[in-house]
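Protein chains in written order, with the working numbering: chain A, 1 to 494; chain B, 1 to 450.
Certain hints may be false.
Stated by the list, open to error - In silico DMTMM-like links for lysine to aspartate or glutamate, alpha-carbon gap of 25 Å or less:
1) Lys234/A / Glu303/B
2) Lys315/B / Glu407/B
3) Lys385/A / Asp343/B
4) Lys296/B / Asp157/A
5) Lys130/A / Glu278/A
6) Lys433/B / Glu225/A
7) Lys234/A / Glu407/B
8) Lys296/B / Glu227/A
I should point out that these hints are in silico values taken from the structure, not numbers from a laboratory.
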Amino acid sequence: MLQEESDLSLIIAQIVQKLKGSNLYSQLERQAWASLQRPEIKLESLKEDIKEFFKISGWEKKLQNAVYSELNVFPLPSHPAAPPEHLKEPLVYMRKAQGSWEKRILKSLNSMCTELSIPLARKRPVGEQKELLNKWNEMGTDEPDLSLFRPVYAPKDFLEVLINLRNPNYENGDSLSFRTHLGLIQVPLKVKDIPELKECFVELGLNIGQLGIDDSTQVPPELFENEHVRIGQKVLAEQDSAAAQQYIRQGSPTALRAELWALILNISSQPEDVLYYEQLKTNVIQHDLLVDSLIYKDVKLTASNDDYYFVFEDYLYQVLLCFSRDTSVLSHFAFNSASPPKSYIRGKLGLEEYAVFYPPNGVIPFHGFSMYVAPLCFLYHEPSKLYQIFREMYVRFFFRLHSISSHPSGIVSLCLLFETLLQTYLPQLFYHLREIGAQPLRISFKWMVRAFSGYLATDQLLLLWDRILGYNSLEILADMWCTYTYSTNIEYLL
Amino acid sequence: MPRECQRSEYHVFQPLTSSPQGYGRQDLSSENQNYKGHGLSKGKEREQRASIRFKTTLMNTLMDVLRHRPGWVEVKDWLRENFDHTYMDEHVRISHFRNHYELTRKNYMVKNLKRFRKQLEREAGKLEAAKCDFFPKTFEMPCEYHLFVEEFRKNPGITWIMKPVARSQGKGIFLFRRLKDIMDWRKDTRSSDNQKDDIPVENYVAQRYIENPYLIGGRKFDLRVYVLVMSYIPLRAWLYRDGFARFSNTRFTLNSIDDQYVHLTNVAVQKTSPDYHPKKGCKWMLQHFRQYLASKHGPEAVETLFRDIDNIFVKSLQSVQKVIISDKHCFELYGYDILIDQDLKPWLLEVNASPSLTASSQEDYELKTCLLEDTLHVVDMEARLTGREKRVGGFDLMWNDGPVSREEGAPDLSGMGNFVTNTHLGCVNDRKKQLRQLFCSLQLQKKASS
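Next up, chain A with everything else stripped away, as it sits in the complex:
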């Protein structure tokens, strides 16, 4: 009991600390000062009166939303004496594996750099800056020669690393029994079983209405859809983040989705945010990074070739190039098992004073990275808002899909969950695929890493991502993965 209380007060202290530095704090302070002018605020009951004022004017709600948002990303409580690496990733062998994977990536990037003799970063000459500024809204029309660039890695390379993960402390004996896991992932992580999943995802039960199923043409709208839309509008009117998150577990109506996601992620386009985005844009214009070419190449290879997302090509550049300059993303590495690569100013290798993170946001894009942004273009058209939403989605969810960790929403757990579910509940399919030499995970890994973007129709994909936001976890992807594998492979089975 005592432990819980002290944990709670620790969490509260940390959240307060975090929020004190935010814009909301200064706004609240300003509002409090301004409210002193109001007649209903009396000196004797100053504290209660101001609290009452906040409640009525909606500021309390904003604060609640901010706290709720922090709680969502807050890492699981850990032992006070644990070193910060444990916050990133508690298991040593996972940390080691992530470390060596990162070394490989950097080696690949460095060798490409040396081969092409292109600097990692350079300042653009004034003429080039002007040109880029003019073309900012149509960078897609550019066709630079990217033939010599290769993506740093593709999902299948990452899969190989995951397959070779082993826990050195685990020994399950020589004999194979029916309990032996026949899949590719051979690490003993705890994953949820179907009864546990049922409990966790209770709103997805058969007896509860879902958008995407219960709003189809055969079902009369009075049964579920109309009421659901009405509730959605109410939630938006109340501007309640927690309620929105609960609501969206049953899917979001198309018209309300953009606002609901912004509410859940606690994104409101303040002038400071627009300014911040403009600053990032200026950074892009002034400096050219090697990573930019990787981004260009990725967009041209993936999103531009997609039947539906090719239209949004220009937005993708505007978001991804700015993303790579955004140092605020570095804060998420506190709970990401990955670490941002470091680079040294020319000639000062090894000297810490001359080290910088490269790219500035610490994230090296891989083949298919731009597909994280593409579906969001469907919802948001204003570049700074689109940018904010993407950044928040990345630091909450997407980073887990390409870093090695034991987190239940991490890619390793998701793969294991997928294989276990498939082996237990669709054994015929599983064994058949293994027989013909097609391990199910190999086929479907890339769908998972991209969170199904590009592999599902946009409306289906957005409904799936609704659930990710609703449950604040990526486990739903593993279930989706199972169903998708089943439906695409069943025709081969029969």
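Use these hints to put chain B onto chain A, whose structure you have.
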């Protein structure tokens, strides 16, 4: 008779039946080359056909659809080349109306629409006539040149587009802002008129260019929608649920009106753009487009937009209803080109009597094959339908000598506001399921009645 029918491809079908009650074969004598037909022969008695013969010159989706249709047999040697002035038996069907150019040639369509609008204003008032304002101000050249100049002077600085009346695939179109640009053109055509009398002057229309088109991803697009007209008197028209939005490959800007690639969205023009990648395609299915709009503007705004689009179809068909030569053998599948502007107002660009049936991608191939299959279902050579259906596959009956309601039973035309038209453009198209149900129930009905 204008000579633009060269592009029209016709396909002829004739049932081969060896039954003693069978009707006779077609005695064909062909005269002029112009009017080639798709003839579909239907038996006088509604009995099971042994097979139906067809011929087609198109080697694309239509050929695939016809070859796969059960009971339809291709004939290599054709029976008849044209159907212009020859008698057609009752059981023959043809895929064009004789004078469809009244709707599909830009100058005739404008003329008919203007006339219809005046008539509506006389009969039903200004409000009703305003429903015909889906056509930007157009002037036929060279005969309405002076009227055009008057309008031009009233609105200095706006952009105009010049389109040849009878060409397709974006050929011959250009934009202009100064009278000087077309005065030169006019001089050229005038002089050539005198010198080469045997080449007739091509008619053009000058139309006000829509400068604020709705943009997606900074690109301009237009919508291609399919309407099947089974008869004009009475007017029976079906609307296909699928269609697509065709995107321009480059970003929209009014700065470079010479750049054909920015402004013209025909796939034919886009294909030649240096940026064009065949894998890219530049089309969105209408369902996707509708979803995109709904997520941006909400479902009500989208409903209003699609209702306005329905209005375009109905009014345009009504405007030529009395002019088109009514022939019970004829049916026609039109490709309507619609442009949406920033205020979500739809504009009619043109109507095509021979919409392209070549597929640019797998998805496109499926759309066109299903479209053609369903067209043949509606035409009903096999005499399976009762004639009272409101939906056949992906086609919804949009107009049946009056608006068709989505609800069952007699439509409530008292204008109580509950009337919802039976159109589902851009909606879910579960045609396979619907066709299965339809034909199953028709079979049962037949068994029951026999």
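Going through the hints against the structure:
1. Lys234/A / Glu303/B: Status holds; Cα separation ~23 Å.
2. Lys315/B / Glu407/B: Roughly 22 Å separates the two Cα atoms, so the pair holds.
3. Lys385/A / Asp343/B: holds (23 Å)
4. Lys296/B / Asp157/A: Distance of about 38 Å is beyond 25 Å: violated.
5. Lys130/A / Glu278/A: holds (15 Å)
6. Lys433/B / Glu225/A: Measuring from Cα to Cα gives roughly 23 Å; hence the hint holds.
7. Lys234/A / Glu407/B: violated (31 Å)
8. Lys296/B / Glu227/A: holds (21 Å)
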